[in-house]
Amino acid sequence: MSNAVATPPVDAGAGRTVPAERTGRTTLSMNQAINAALHDALAENPRTLVLGEDVGRLGGVFRVTDGLQAKFGADRVFDTPLAESGILGMSAGLAMAGYHPIPEVQFDGFTYPAINQLVTQIARMNFRTRGALPMPITLRMPSFGGIQSPELHSESLEWLFAHVAGLKVVSPSSPHQAYHLLRHAAQRPDPVVYMEPKSRYWQKGRVDFDEPGNLEGAHVARAGRHLTLVAWGAMVSRCLQAAEAAAEDGLDVEVLDLRWLSPIDADALAASISKTRRAVVVHEAPKTAGLGAEVSQLITERCFGTLKAPVERVTGFDVPFPSGSLENEYIPNIDRILYGIQRVLEYRRG
Amino acid sequence: MSNAVATPPVDAGAGRTVPAERTGRTTLSMNQAINAALHDALAENPRTLVLGEDVGRLGGVFRVTDGLQAKFGADRVFDTPLAESGILGMSAGLAMAGYHPIPEVQFDGFTYPAINQLVTQIARMNFRTRGALPMPITLRMPSFGGIQSPELHSESLEWLFAHVAGLKVVSPSSPHQAYHLLRHAAQRPDPVVYMEPKSRYWQKGRVDFDEPGNLEGAHVARAGRHLTLVAWGAMVSRCLQAAEAAAEDGLDVEVLDLRWLSPIDADALAASISKTRRAVVVHEAPKTAGLGAEVSQLITERCFGTLKAPVERVTGFDVPFPSGSLENEYIPNIDRILYGIQRVLEYRRG
Amino acid sequence: MNTLSYGRAALPDAELVRLFSQMTQVRHLDTSAIAWQRQGILPGYAPMRGQEAAQVGSVAALDMSRDFVFPTYREMGAALAAGVDMGEYMATHKATWNGGMYDARETRVTPIQTVIGGSALHAVGWAHGQRLDAAAAGADEPLDLPVALVYLGDGASSQGDIHEAMNFAGVFETPTVFFVQNNGWAISVPTERQVAGGSVAARGAGYGIASIHVDGNDVEAVVQATRAAVAHARSGAGPAVVEAMTYRRGPHSTSDDPGRYRSLAEERRDGGVDPMDALRDRLLEAGALTAEDVAAIQSEAEAFEERVRADVQAQGPRPGAEMFEYVYQEMPAPLREQAAAWREESDHV
Amino acid sequence: MNTLSYGRAALPDAELVRLFSQMTQVRHLDTSAIAWQRQGILPGYAPMRGQEAAQVGSVAALDMSRDFVFPTYREMGAALAAGVDMGEYMATHKATWNGGMYDARETRVTPIQTVIGGSALHAVGWAHGQRLDAAAAGADEPLDLPVALVYLGDGASSQGDIHEAMNFAGVFETPTVFFVQNNGWAISVPTERQVAGGSVAARGAGYGIASIHVDGNDVEAVVQATRAAVAHARSGAGPAVVEAMTYRRGPHSTSDDPGRYRSLAEERRDGGVDPMDALRDRLLEAGALTAEDVAAIQSEAEAFEERVRADVQAQGPRPGAEMFEYVYQEMPAPLREQAAAWREESDHV
Ligand SMILES: Cc1ncc(C[n+]2csc(CCOP(=O)(O)OP(=O)(O)O)c2C)c(N)n1
Ligand SMILES: Cc1ncc(C[n+]2csc(CCOP(=O)(O)OP(=O)(O)O)c2C)c(N)n1
Ligand SMILES: [Mg+2]
Ligand SMILES: [Mg+2]
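Protein chains in written order, with the UniProt record's numbering: chain W, 1 to 350; chain Y, 1 to 350; chain R, 1 to 349; chain B, 1 to 349.
This is chain W alone, in the form it adopts within the complex (with noise of 0.2 Å):
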């Protein structure tokens, strides 16, 4: 069997006709709605592909490539080898030759071998050819804890994305979001790295194709007068939830939903923050250098005369992802947010 060749498509030729644009409303979950996005990213334009370990006839370990396979052929959707190096790699490769690959690693924590090619290679090579070879590839991967994987299965790997130069770093906390966020970042020319809270894969939502609303920048999720909460991912949910149970002590509590940790939106920080003058930014990833000081310290260079207390971090510990059964003294609950709120509304001057 020759691997190179492809194995027809089953619905041939589906994957060069644009099908007719999704219009309106319809209830999805997260990991559907991704798959909707990469199917009609697949769909508009013939040189985006799939590649990852497992996308193919499974179809992901989280089903978001269901179908896609079967949909447009195995030489647009394929399996690649087990080493993510070469996944990363390969997609440099494939970008140089005119193409938008939209590579998945398998779970966050094994990005890790093949950093040297996203931070060495990828994020650089548009700077190192003077444009000549950028770099237009989507990263996909599943993110964060909450679902008590195995040992690492369950990182959050923001803070190291939003540092490296040449690359874009983006999480969406809807299913509404997940779709046009990815359908967004699959036509940047630019390196994007998209993170998918692996814990609301399951949850729906509505998601309104006709209106995509602004997809740079961040997200006003909840408005409030007194105190904003800044998250990303599956943090926003669970501030949301913090905020109501805020709400029944009096608190109007505000969640911006970063949405791009690359670039970092600092005029909503600054506009949200100028209005409640308290923060409390709250993630995932252990607190020490973790994206949590950017935000916090972003927040304090544009808010510092109108602040009422230091921005808040609830975050997790510096300790590595615990296994599951520990995963929930880890990660930020809710009593642990409204803690962190407490915090900054009794913080006197000193």
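Be aware that one or more of the hints could be misleading.
As the list claims (entries may be wrong) - Below 35 Å or equal to it, Euclidean Cα-Cα: the simulated DSBU-like pairs (lysine-lysine) are:
| no. | chain 1 | residue 1 | chain 2 | residue 2 |
| --- | --- | --- | --- | --- |
| 1 | Y | Lys71 | Y | Lys275 |
| 2 | Y | Lys275 | Y | Lys308 |
| 3 | Y | Lys275 | W | Lys275 |
| 4 | W | Lys204 | W | Lys275 |
| 5 | W | Lys275 | W | Lys71 |
| 6 | Y | Lys204 | W | Lys308 |
| 7 | Y | Lys308 | W | Lys275 |
| 8 | W | Lys275 | W | Lys308 |
| 9 | Y | Lys71 | W | Lys308 |
| 10 | Y | Lys275 | Y | Lys204 |
What the hints assert, rightly or not - Now the stretches of chain B that chain Y is said to cover, found in silico as 3 or more residues with beta-carbon under 8 Å:
| no. | segment |
| --- | --- |
| 11 | 26–40 |
| 12 | 81–89 |
| 13 | 204–215 |
| 14 | 315–325 |
Think of the hints as simulated: they come from the structure by calculation, not from any bench. Quick caveat, the model's predicted, so the values are computed rather than measured. Heads up, the beta-carbon is just placed ideally off N, CA and C, and yes, glycines get one too.
Once you have looked at the hints, place chains Y, R and B with the ligands on chain W.
Frame of chain W; chains Y, R and B with the ligands shown alone:
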């Protein structure tokens, strides 16, 4: 030829006997001081090993391991094949066998291929095994820019190492510190990343073998009253120069050499900034999500009530480290540090 | 290809019976663990049905008083054979502690590895340490070294770390045995789309490493082949690769659905004879076992499973404080503060 | 071993003369670049003396109108042969722009790679793209694919990425030629302590990849061998490894001191006959060249070197604004702000 069999050391047996303790003071360049520390670590503990690319016969591309193989033999100081993941993975195995490996990565930017072994294995093995298999590994690498090196020979990776639970990170700024901090690191039961500021290798300084001074936490490199510059590695001497320049304008600037980048000495930051009430953090890495964000936020958390202005960051830009002819545009220079100081001094609450 | 030949001298019946009995325990525990997952006792599990001969047979070739084993997440059978407490082993699947609760130093079995290919270099480094120990002790040739045996799958053979490990092992001539269980699949990807050239053992040749291809479903052959590889490594002659051809008869994990990528007919065809059945029939035929013996062995396995299940069910979550305690040997002050803050907030709740 | 045989049909004299002339340019420029470094014109340089035949010969086997070359930092000769402007090439050594100032898309030569092994997977991905293009266009077998040729050293063969690249190339049967210049050394580490098993080409066998061992100092043999590898890849038969045995006659780089790890006597012994001398003598003997021709070729090379030197000396540093400009195709707002702040502070100074 069997590679596995060691070439006998020139000075056979020297590795087994602890040489007369070094005493008194002497003047050494930083690479000589590191060499002396490696020598003494090898002499002190027969289970200490030095390994890496070209560390043996060549004595390292910066001559930091010069003479060590001749002295201690090719079983204890040995060249590896050209593979950084291999070097760190092998070090993990050697640590499991009761050795204390001191691996070298030849240049900062070639740590990327080893990130998986460093982050998922070395940093977590003590945790994973509940203390049964600790990883007393001291990972050395020439770090930072300043000598017009080729691409990827000028990276600043402290932002990455400092985030990783299970690692400790230190960077010396003088020959004296280089000697003592390395001795100290090499005696620790935990993995320590030791970042050598390559632009300072040839800078001479006095080393006092009798008085190591405190080896934990930060170090006040220059006392001052009006503002604190926080820095590490090669930026310490640049900040000292900036402080001298500022002194001409009657400004009394404190320079805090952070030294340990994990754990960060928050008490020392608080002590300094409660006094000066103003701070500028200086580093070579890109600004966004660099360690300056964490340092700034720690200062803000501890000193919010007394801070006169938001902590200012003078850092590399959010771009790949550029080629040599642009390096002075990229690395914070004295002018940029002075501008940063000025912004802090001129800050008025909006 | 630098093929290592190995003796075909038959194993004594008593030894085969011991192996059969161990394999029976393994099979029963494996089958049960899948049931435990369905019953909610375990959040997940990675079945190894069909790989009992490869795992139990390879460990039988080791001297666990001095050798060291580097497993992946699918080596329950190897861990059992190496003497690991199965309650402590299952702790990783119970989500009690990642890597398991057994003492890696005491058992001489490294913690369960989730990173594909992550342990191979450790097995090279550890083995090189044995060489250095021998050199420091002035040991004579041929050496008599402790050996590191690292497990890897066909999928793992694609990882760069495996290549670096084999090359390092070749260059330093470390006493490392790379034991490959080629079970036909890496989740949904079949070996022919994974392993260019088709043979992991053939890779060994590229590094000048001795290698052996063996029927991984024949426990006697596995013992013989692994003994040869271990003896080679032990003597100081360098590393060896053993490629044991077997078949993953179950799903990749309890959350996998193999029906999406292979049919039952294919499973039946590719899986061939079950190694358990083959060994049992052979021992019955040879008169080494009677039907009653088989039944007794099965009952023992059932009793064993019950004890392990009780242990697993009794296992509560670890105290949260351990999250902080085990990160370092020397806990840094900021982490101590985080632990204190965590305790305060947990106590309040 | 899956050895690819190749035709030994002699190259026409005219072609050999053209290659000799190119090699002479390369040798002269290489020698000069070392001098430039001593004179302070370049901050550093990586000499390739002794590898002219391997580099010029391998490019001669390509069709630069459609193939693509993936060099390391030591492929000045290959870049020259591929038509890269040498002033733009030297920009990397002048510290003007990392990777060089030449247009990678126009020249079909990727930027100078400093990460050992970093480009091999790109050559696999790019080549796979050619296969996909052919499939989408419904091309007939045997295919006539554009080929990716990636250079690597003996030292690079130790990197995990090389293994992953060869395996991917094997699995996807990409038209990739891995051209290994085994020059005996990776900085101070000799091949025998680097390459377990001793042969990089032998690694190919482990991936079912066709491979060729060739005398890298014999330009004719290099052309023939590489043509065979390229033809194999072009036809769709899959990747190939060419291992060209040569010798790094100079230091690793202008900051290296080879005296620390090899003696002059060893250099003389291991280096053998200089490939330049061998080819010149052969062409003189065959009457394909006269002594006057040789002198003329040398003068041309000298004139060429002067032009390149003038270009390099004329090269000023790039405007600092380019640091910001080329990071992205779509510059994000915070970076635009940083660029503005940078400009303001630079203008003040
Ligand atoms: C570095 C890394 N990448 C991906 C995964 C996800 N993953 C877990 S098991 C597996 C397949 C492994 O196949 P193989 O090596 O053949 O072992 P088997 O599962 O067949 O025992 C994959 C892709 C992982 N655990 N680690
Ligand atoms: C990933 C990585 N590790 C280390 C280095 C430092 N380094 C530069 S060249 C070199 C030796 C390369 O040897 P080889 O591959 O044989 O190529 P040659 O220099 O002989 O052309 C080393 C170790 C590097 N550039 N990249
Ligand atoms: Mg398998
Ligand atoms: Mg070489």
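Results of checking the hints against the structure:
no.: 1; hint: Y:Lys71 to Y:Lys275; in the structure: 49 Å, violated
no.: 2; hint: Y:Lys275 to Y:Lys308; in the structure: 11 Å, holds
no.: 3; hint: Y:Lys275 to W:Lys275; in the structure: 31 Å, holds
no.: 4; hint: W:Lys204 to W:Lys275; in the structure: 32 Å, holds
no.: 5; hint: W:Lys275 to W:Lys71; in the structure: 49 Å, violated
no.: 6; hint: Y:Lys204 to W:Lys308; in the structure: 48 Å, violated
no.: 7; hint: Y:Lys308 to W:Lys275; in the structure: 22 Å, holds
no.: 8; hint: W:Lys275 to W:Lys308; in the structure: 11 Å, holds
no.: 9; hint: Y:Lys71 to W:Lys308; in the structure: 62 Å, violated
no.: 10; hint: Y:Lys275 to Y:Lys204; in the structure: 32 Å, holds
no.: 11; hint: 26–40; in the structure: violated (count 0)
no.: 12; hint: 81–89; in the structure: violated (count 0)
no.: 13; hint: 204–215; in the structure: violated (count 0)
no.: 14; hint: 315–325; in the structure: holds (count 6)
Checked against the numbered hints given earlier, this structure breaks hints 1, 5, 6, 9, 11, 12 and 13; the rest are met.
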